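Chain residues, written in single-letter form:
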Amino acid sequence: MSTRLNKGGRLIDRSTAQEFSFNGKRMRGFGGDTLASALLANDQVLVGRSFKYHRPRGIVAAGPEEPNALVNLGRGARFEPNQRVTTTELFAGLEAESQNHWPSLEFDVGVINNTLSRFLPGGFYYKTFMWPRAAWKHLFEPIIRASAGLGKAPKERDADRYEQVYAFCDVLIVGGGIAGLQAALVAGASGARVTVLEQTAHWGGRAPVDGDMIEGTPADAWIAATVAALSAMPNVTMRARCMAAGVYDHGYVLAEEKVADHTPGDGRPKHRLWRYRAGRIITATGAIERPLSFAGNDIPGVMLAASVRDYVVNFAVSPGDRTVVVTNNDDAYRTAIALKEAGLAVPCIVDARTQVTGALPERARALGIRVETGRGIAKVKGGKRVTGVALCVQAGEGAVLEEIACDAVAMSGGWSPVVHLWSHCGGKLTWDRQHAHFRPDAARPPTNQDGAAMVYPVGNANGAMTAAQALADAANGAAAAVAALGFKAEAVAASAAEVVEAAMEPVWIMPQGAGVKLKAKMWLDYQNDVKVSDVQLAAREGYESVEHTKRYTTLGMATDQGKLSNINGLAILADALNEEIPRVGTTTFRPPYAPVTLGALAGESRGDIFQPLRRTPMHGWHEAEQAYFEPVGLWRRPYCYPRAGENHEQAVHREVLNTRNALGLLDASTLGKIIVKGPDAGRFLDMLYTGVMSSLPVGKCRYGLMCNEQGFLSDDGVVARIDEDTWLCHTTSGGADRIHAWMEDWLQCEWWDWQVYTANVTEQLAQVAVVGPNARKVLEKLGGMDVSKEAMPFMTWADGTLGGFPVRVYRISFSGELSYEIAVPASMGAAFWAALHKAGAEFGAMPYGTEALHIMRAEKGFIMIGDETDGTIIPQDLNLGWAISKKKADYLGKRGQERTYLASPDRWKLAGFETLDGSVVPDGSYIVAPGTNANGQGNTQGRVTSTYYSPTLKKGIAMGLVRGGLDRIGDVVEFNTVTGGTVKAKVVDPVFYDKDGEKPNV
Amino acid sequence: MLILECPYCGVKAEETELSPGYEAHLKRFGPGSSDEDFEAYMFARKNPKGVHFERWRHVYGCGKWFLAARDTNTLEVFGTYPAQSSEPPAELQAKIKAKRPDWKGYK
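Sequence order for the protein chains is A and B.
Note that the numbering used here has the first sequence beginning at 1, numbered continuously upward.
Note that the numbering used here has the second sequence beginning at 1003, numbered continuously upward.
These are computed hints drawn from the structure, not numbers from a lab.
Quick caveat, the model's predicted, so the values are computed rather than measured.
It is possible that part of the hints are untrue.
Think about it this way: if two alpha-carbon atoms lie no more than 20 Å apart in a straight line, the pair counts; the simulated EDC-like pairs of lysine to aspartate or glutamate are [to be verified]:
id, chain 1, residue 1, chain 2, residue 2
1, B, K1029, A, D450
2, A, K519, A, E541
3, A, K894, B, E1038
4, A, K894, B, D1039
5, A, K999, A, E780
6, A, K986, A, E998
7, B, K1029, A, E898
8, A, K677, A, E780
9, B, K1051, A, D450
10, B, K1099, A, D450
11, B, K1101, A, D450
12, A, K894, B, E1078
13, B, K1066, A, E750
14, B, K1109, A, E215
15, A, K428, B, E1078
Cβ-to-Cβ under 10 Å is the rule here; a few derived chain B residues that face chain A [unchecked claim]:
id, residue
16, G1034
17, M1044
18, Y1108
In this text, a Cβ means the ideal position worked out from N, Cα and C, and glycines have one as well.
The task is simple: from the sequences and hints, build the whole structure.
Structure follows, in structure tokens:
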């Protein structure tokens, strides 16, 4: 059984017992434990079920590479799925649940998949997606959905908060092991600003566990002294519990600090996302041990050898009483020695190599441990935990030589440098034959904006595998990194006792000649249940690219991103393809290195500050009137102002009728307002608009269209000539910033010799549309300027005062009624709005919202950018040819509109529609046409673009595009409906109301 | 997350301060131009693995458009210069040629 040893444990504090629970069972651990070490201390070896076959799974590793031991952590508003127990620090009251089991961890129905595994081979998803379609929908998908899936999604709003910080340094060192600390000493001494990040709560990495001696003392002593020295340097920042997740362009690094994971609810942010900009990045990220591929290597109790050592030395936890060590290298002997020295039994070390003569094996032998050379494991015995192993000849096919009873297996297939951060931004790898691993190729680094290397890998992460090599490599790397920034450094490294290790021998399958039956039980990717046999099948089926094989088999696609499985998988693929491993290559390393919480990525951008909101000066009034708001870009505009007992539709209809019959007031402040000024302003506007603006007399207004260079309609609005060299351009509410940027683009980048100045004054002015037959009466009551028909005809503007407010009045109309749009300084907007309501009360003044505005403009057949246009519509499609100058040699979009296909008579053009039964055409409807297209879909000949119930006309009205446009007037067409069937409508003139324009002409 | 120096205000601006404007030094073809010229102006964009000239706007800074020469593969930035330039400055072209002897020029 796995248990707590009664002495030792360099990271735990036995005086602080901590209660926690797993699947409701109460357990005890100590301060300093990880959840993994605490579970093992309580003999909880079985911790989860695998994704596809629901096989029992236990803890394999001791760090972020752990593939199996994922749990649901916490509950309610602090519930988190897929938390790795190996990186979760224990705290009192922690609650964890295993995942992916039903009905219970001990007895799982889904394990039936295990016996059906020959029906779920590699590529299963591809094959069933392809054929037969019905089987996927009715058979496979329901079964897979029921039995698959990792953690549950949280149901409550996250109780915690997260924050983000920008930070800058000359050198960012990732990894606080001995290489990272050594690099920090060298870089710090140079005077550079240095930051060191360590993903765990502890400095020094695994050197103390490995028993390294540095400067003649145990590694722990050197680490403590070095951390103290670094902490005293004012130019060095040390940050623990902070994982660098990704390296991006030009020295940008994202790192996630787990501030309060281990102290939930203490008021601090749970995580902090650091956004570093570093001059140079040093990756001292260490290496990850590789599993060996033997049958049953996923049975709980089979663990990585170095991780077994971590549990014994750091946490005083023994994963088993009797541990068999299986290896292809010397390092794993350290585990056997550590176990033996802790008083535990090591029945046998199974070494695949035939010659084993190094210093560590000799020490193991001297301790009386049996070493079997040239041997492998034929299979692991056991179900929910290991009960023994069967030995075989590594060079053979798996004939069992003997069985050894044990309750744990410590495996080591060698070490892979953690090259993720090096690779994120384009660093290339080279294959190291001696260690059979990929390591950074110093000749092909990721580069910075200055064209020089951006990342300097050091220590194990650079293939320097012993303590002495790692320290020397780190000193050199740090000196080079700071020298590139102009700092002077001396590459002086601490000395470490050299332990000579004999060469490892790559072992990709154990035993070498294993048959199909064994290979179908050799797991590569524990989390996604990918076996040696799956990768070999993929190769046989023609998946030669490692990227294709990855997606076909799902190897390395789980939340651990193949930290344990990828190298073994591609070695198997290379073997199956009869290629060299470096020729097959690796899949792409992408950020994040390990999962980052979405909360940290969102930071404070949630709730009220998810995005900035734009409010008009009258917003408070609208809120007080309980307006129903709708988003328009970042603006919030009243959609309607429902009164007691009214629904939105009734409110909208009342607002329309009141505006048409009495007086409506609209907050039009969101309308874009751009000043264009200068000697060349007229010439510039003539290029921008399809019509002519230079000829507009001072004091007059003109409607204009803007197109992009393809000729498609992009914005519209009324332009007013303010003085000889000044125009004011109104844009759509959503378009102000875009159109202002568009103007600046042309002025700065194309016509930079033109003397034109633009200013977006949208927010400087509040604007109110005073609309309806009583509009003039209320303005006359306020008094201060002449707003008569004679003094202010339609499409003119004037400055003056109204009720004491300085105003600019435009006589323009988007409703078809007598209408004045009145601008006042934004600071007076609320007061002016209130004054209009007060003065207008006797004339029946009511506010109206955007929906009433939309209905009234549709009744008049006015287009709306975004309704009648979608980026593929030219003005001619909307019968707006009258707004296009025929005389101008050029305007933006003119050449685009000359394209022949835009002149095709088959184009759908704007028309009005009235249903025969008076109903409203459904939004999004298409006009059906006879026959079907090449895909068997019904043909279409048009679509609806705006459709409303007109309270004025008491029937449904619509605008839309139809082949033939206005030539089709009188035809009856059919619109499809959501519920099936069609609705018949007559093609009509899109001006439904006041066709002769008499209403505003008073 | 590139860093580009705005040639107007001198700020070494992070990409979040900038908005991209794609390829620089395009020649506009207006009314009367051939279909081929118009197509090239509207749609045909270089997509080199290597030296590329781009338009950027310091939109959350001084608001000015500028041009940048950089290597799309190594992310090396050769230089930035004002948008009011008909061609890249001669010294910038010489610098790029020295670093990338195979470079065929900006056109």
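What hints, given by number in increasing order, does this structure fail?
-> 1, 6, 8, 12, 14, 18
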